[in-house]
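Let's have the full structure, built from the sequences with the hints guiding it.
Take the sequence shown: its position 352, counting from 1, is numbered 352 in the numbering used here, and each next residue is one higher.
These aren't lab readings, by the way, just hints derived from the structure by calculation. Model, not experiment: these values are computed from the prediction. Ideal Cβ placement from N, Cα and C applies to all residues, glycine included. Some hints could be false.
To be verified - Label pairs and their in silico Cβ distance ranges:
no., residue 1, residue 2, range
1, 64, 200, 39 to 49 Å
2, 79, 59, 44 to 54 Å
3, 64, 30, 17 to 27 Å
4, 160, 232, 29 to 39 Å
Claimed, not checked - With a straight-line cut-off of 27 Å between C-alpha atoms, the simulated DSS-like cross-links for lysine-lysine are:
no., residue 1, residue 2
5, 243, 290
6, 124, 337
7, 31, 6
8, 6, 290
9, 259, 162
10, 31, 222
11, 31, 57
12, 124, 243
13, 320, 224
14, 79, 57
15, 232, 290
16, 224, 290
17, 116, 222
18, 290, 320
19, 8, 224
20, 337, 317
21, 36, 79
22, 243, 224
23, 124, 6
24, 232, 222
25, 336, 252
26, 232, 346
27, 162, 222
28, 337, 326
29, 79, 224
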Amino acid sequence: MTKTFKGKRILVTGSCGTIGKELIRQLISNKKYSFKEIVGLDSNENGIFFLDQKYLKYSNINFIVSDVRQLDELINNFKGIDIVFHTAALKHVILSERSPEQVVETNINGVQNVIKAANINNVKKVIFTSSDKAVNPTNVMGASKLMGERLITAANNSRYGKGPIFTSTRFGNVLGSNGSVTTIFQNQIINGEPITLTDKSMTRFVMSIEEAAHLLIDSSIKAKGGEVFITKMPVIRISDLSKAMIEILAPKYGIHINKIQIIEIGKKPGEKYYEELMNNEEINRAIELKNYFSILPAFNGIYDSIDYDYEDIVKSKVNKVYNSNKEPFLSVDKIKKILLNNNVLKIHQKTVNHYSPIKINKKL
Numbered sequence: 001m002t003k004t005f006k007g008k009r010i011l012v013t014g015s016c017g018t019i020g021k022e023l024i025r026q027l028i029s030n031k032k033y034s035f036k037e038i039v040g041l042d043s044n045e046n047g048i049f050f051l052d053q054k055y056l057k058y059s060n061i062n063f064i065v066s067d068v069r070q071l072d073e074l075i076n077n078f079k080g081i082d083i084v085f086h087t088a089a090l091k092h093v094i095l096s097e098r099s100p101e102q103v104v105e106t107n108i109n110g111v112q113n114v115i116k117a118a119n120i121n122n123v124k125k126v127i128f129t130s131s132d133k134a135v136n137p138t139n140v141m142g143a144s145k146l147m148g149e150r151l152i153t154a155a156n157n158s159r160y161g162k163g164p165i166f167t168s169t170r171f172g173n174v175l176g177s178n179g180s181v182t183t184i185f186q187n188q189i190i191n192g193e194p195i196t197l198t199d200k201s202m203t204r205f206v207m208s209i210e211e212a213a214h215l216l217i218d219s220s221i222k223a224k225g226g227e228v229f230i231t232k233m234p235v236i237r238i239s240d241l242s243k244a245m246i247e248i249l250a251p252k253y254g255i256h257i258n259k260i261q262i263i264e265i266g267k268k269p270g271e272k273y274y275e276e277l278m279n280n281e282e283i284n285r286a287i288e289l290k291n292y293f294s295i296l297p298a299f300n301g302i303y304d305s306i307d308y309d310y311e312d313i314v315k316s317k318v319n320k321v322y323n324s325n326k327e328p329f330l331s332v333d334k335i336k337k338i339l340l341n342n343n344v345l346k347i348h349q350k351t352v353n354h355y356s357p358i359k360i361n362k363k364l
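Take a look at the structure:
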């Protein structure tokens, strides 16, 4: 484990995002990783400034304003880099539907730019962050993530000699990440407004921010090349999540839990009732590990035959799809424990709600 990062220069794209920031925090906070340098890239100037201020005391942590859409910049910034974690992306489903050309530029062309820059600079490993929405995609964002996975696997299939190892990771819904449903629900509860569910029957795979970052680190250690790693993760009903949040938050703000309504507003365009992390076609080439599944490439490498001899193989064959409607759901009490144990809900003073589409007059 320590050999993967020891003395290495690590670069994180999207370093101002939820996962990018947590990844950097974990790499810094654990001495066993003993890296040489971390370089954080992001197009968010203010975010980069504040990250730079946060880590001023570290001479080997540096941040650069840069955009994955700019190939020449990436080529220059990847010089001397050993490991790249590519977390930069446009991720909001509805906004992506409204601006598909922007999604193509960042989520598809940006991935190809990362691949080119890594090849030119002989980077050792590139880890790409994908999404459960890439499986049988029904929206622009999911389709772009699927294309990103395909580009990464194709890049690995055509690697020659000591070229970079490319691999992908698939996330479920990351609780507490920027713009997640927990943020929306929390603001609605604080303001005594109804919680707006798209549909009470919706189910989702969930993971904490810490688990998502750890998946990236673990994937970089296990990576053989071309595979897609999936964490085994719990499933929740969105309606149960809303109930758990009401039970935790309402008393904190002097609101009786029965005063918070839960209303359905209808499924959004491109939104699924359930999510998938592995479909019927993929299980035929999947391996089950202790904490993960690894989906192997559909096509063999052109120049290299890879032996996927992971140390923690549980089963060499997977017999069922990984679908949030086909897995057991967590109880409301277990969801509450996850929210509290992972500090998903930040308790703060009542603020003006900027998220809820429904306004009601209610005196608290």
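Now the hints, each set against the structure:
1. 64 to 200: 39 to 49 Å: 45 Å, holds
2. 79 to 59: 44 to 54 Å: Violated, since residue 79 and residue 59 (Cβ atoms, about 19 Å apart) do not stay within the stated range.
3. 64 to 30: 17 to 27 Å: 24 Å, holds
4. 160 to 232: 29 to 39 Å: Since the Cβ atoms of residue 160 and residue 232 sit about 34 Å apart, the hinted range of 29 to 39 Å holds.
5. 243 to 290: At roughly 32 Å apart (the allowed maximum being 27 Å), residue 290 and residue 243 break the hint.
6. 124 to 337: 39 Å, violated
7. 31 to 6: 10 Å, holds
8. 6 to 290: 25 Å, holds
9. 259 to 162: 62 Å, violated
10. 31 to 222: 19 Å, holds
11. 31 to 57: 16 Å, holds
12. 124 to 243: Distance ~46 Å between residue 124 and residue 243 Cα, so the pair is violated.
13. 320 to 224: Distance of about 24 Å is within 27 Å: holds.
14. 79 to 57: 24 Å, holds
15. 232 to 290: 9 Å, holds
16. 224 to 290: Roughly 17 Å separates the two Cα atoms, so the pair holds.
17. 116 to 222: 23 Å, holds
18. 290 to 320: 16 Å, holds
19. 8 to 224: Cα-Cα ~18 Å, so holds.
20. 337 to 317: 33 Å, violated
21. 36 to 79: 14 Å, holds
22. 243 to 224: 42 Å, violated
23. 124 to 6: 13 Å, holds
24. 232 to 222: OK: residue 232 and residue 222 at ~16 Å, within 27 Å.
25. 336 to 252: Satisfied, since the Cα-Cα distance of roughly 14 Å is no more than 27 Å.
26. 232 to 346: 26 Å, holds
27. 162 to 222: Cα-Cα ~17 Å, so holds.
28. 337 to 326: 23 Å, holds
29. 79 to 224: Holds: residue 79 and residue 224 sit about 23 Å apart, inside 27 Å.
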